[in-house]
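Visitor: If you want the building blocks of each chain, they are given just below.
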Amino acid sequence: VENVHVGRLVELDVEDETQLDAMCHKLLANPLIEDYEILT
Amino acid sequence: VRLGVVQFPGSCDHTDALLAARRVADAQLLWHGDHSLDGVDAVIVPGGFSYGDYLRVGAIARFSPLMESVIAFANDGGPVLGICNGFQVLCEAHLLPGALLPNTGLRFVCRQVDIEVVGDSAFSRAGETLSIPVKHTTGRYFAPDLDPAQVVFRYAPGQNPNGSQDDIAGVRNEPGNVVGLMPHPEHAVDPLTGSADGLHLFESVLRERVG
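Sequence lines, in order, name chains A and B.
Numbering-wise (the numbering used here), the first sequence opens with residue 1 and increments by one.
Numbering-wise (the numbering used here), the second sequence opens with residue 41 and increments by one.
Excised from the complex, chain B in its bound form:
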């Protein structure tokens, strides 16, 4: 199994995502200007500030050559995980419902949070609570017509860092192969840094692909 990690100009978490993915499988970077996904089994769209996030978070990255292939891959049932800016990109690409707005506190937040896994998907099994960091300014999830069945991750009670609707930290598409979340599982893969709970997301996609 090989995981592909997208790199846009302005990405900053692709290296951590790549190293996290390599703890569970083979993994490689995918360059934004290429069209080929190089035969990877799953795609991770990492955090950062794609194309400087000019205009609106995630708005320009959605039109990159590689994203055309990622959209086709996702629509074909391929597993795609968007983390932070990657989540914003997947929303702009209409692979996921909703949009991300500035935090209600209007400030950048960076802290460890507990998130409850409330839905099954290619990257999750409901029932666990994960300790994972968030770090963002534009993380308030907004989706007025969201089907509650598409909620995958919720901030634990009292821990919502951004004013997100219904404490939502992450959602999936209807089939469950595309998932996005604001917290950073790739930064929680080693007990030395406080938690290795983030690995669960990467391991879930392996279970799915290996069977």
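Looking at chain A on its own, in the form it has when it is part of the complex:
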């Protein structure tokens, strides 16, 4: 095994994708200790 990644997957149905980054920053991730990636 060369690499292991354990993460959390949050699936959301949203009308306004422009707010996704703010949602991640404010609640879904804590940027001090977590990275996040938005897949649409």
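Simulated from the structure, these hints should not be mistaken for laboratory data.
Mixed in with the good hints there might be a few duds.
Claimed, not checked - Straight-line Cα separation of at most 25 Å, DMTMM-like style, residue types lysine to aspartate or glutamate; simulated pairs:
| id | chain 1 | residue 1 | chain 2 | residue 2 |
| --- | --- | --- | --- | --- |
| 1 | A | 26 | B | 93 |
| 2 | B | 175 | A | 34 |
| 3 | B | 175 | B | 206 |
Dock chain B against the given chain A, drawing on the hints supplied.
Guide: This is chain B only, laid out in the frame that chain A set:
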């Protein structure tokens, strides 16, 4: 002087915190769904698993109606003490710097530790060493840009139970009215259970308020 102890769904140390507070002053519970702090002079955010700690420790509690009032109270200079999960909540609320990560041992730890009081704040006077229990799984403090002047409590040499940065057990905000720590002062208020050193934190806030 009246102290308010916050109760979230999933809190488990609010009763001990309330009984500890009542040893030094009047005290009452504050319900998470209320907006009013009911005129209390200081707020204690106790330990437990607020809102189940789903998503991330402390992340959801931060958005409770009562926390909006606690944040305003703190920003107005009101004394706020976060213990264990309460510390995690105050970090998520950005009232305190940093975040808490899983213990380096990846296991729950429960033991009596000595903590050195290294900073003054609304809840501390530097210079003492307190014997107080810790009990947590997510207690490794992490704050890469922390001002060392904001460190209030350190685990005594060799007693760091969780891999916390620089042996930090608790920190304060810049003005010193908001304090958070992982050890549980509310569980060390009676010599019968091994130590009454935890009372010092509750007495400190009285000195501050009574003058």
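Visitor: Could you run down the list of hints and mark each one as holding or not?
Guide: Against the structure, the hints come out as follows:
no.: 1; hint: A:26 x B:93; in the structure: holds, 16 Å
no.: 2; hint: B:175 x A:34; in the structure: holds, 24 Å
no.: 3; hint: B:175 x B:206; in the structure: holds, 19 Å
No hint from the list above goes unmet by this structure.
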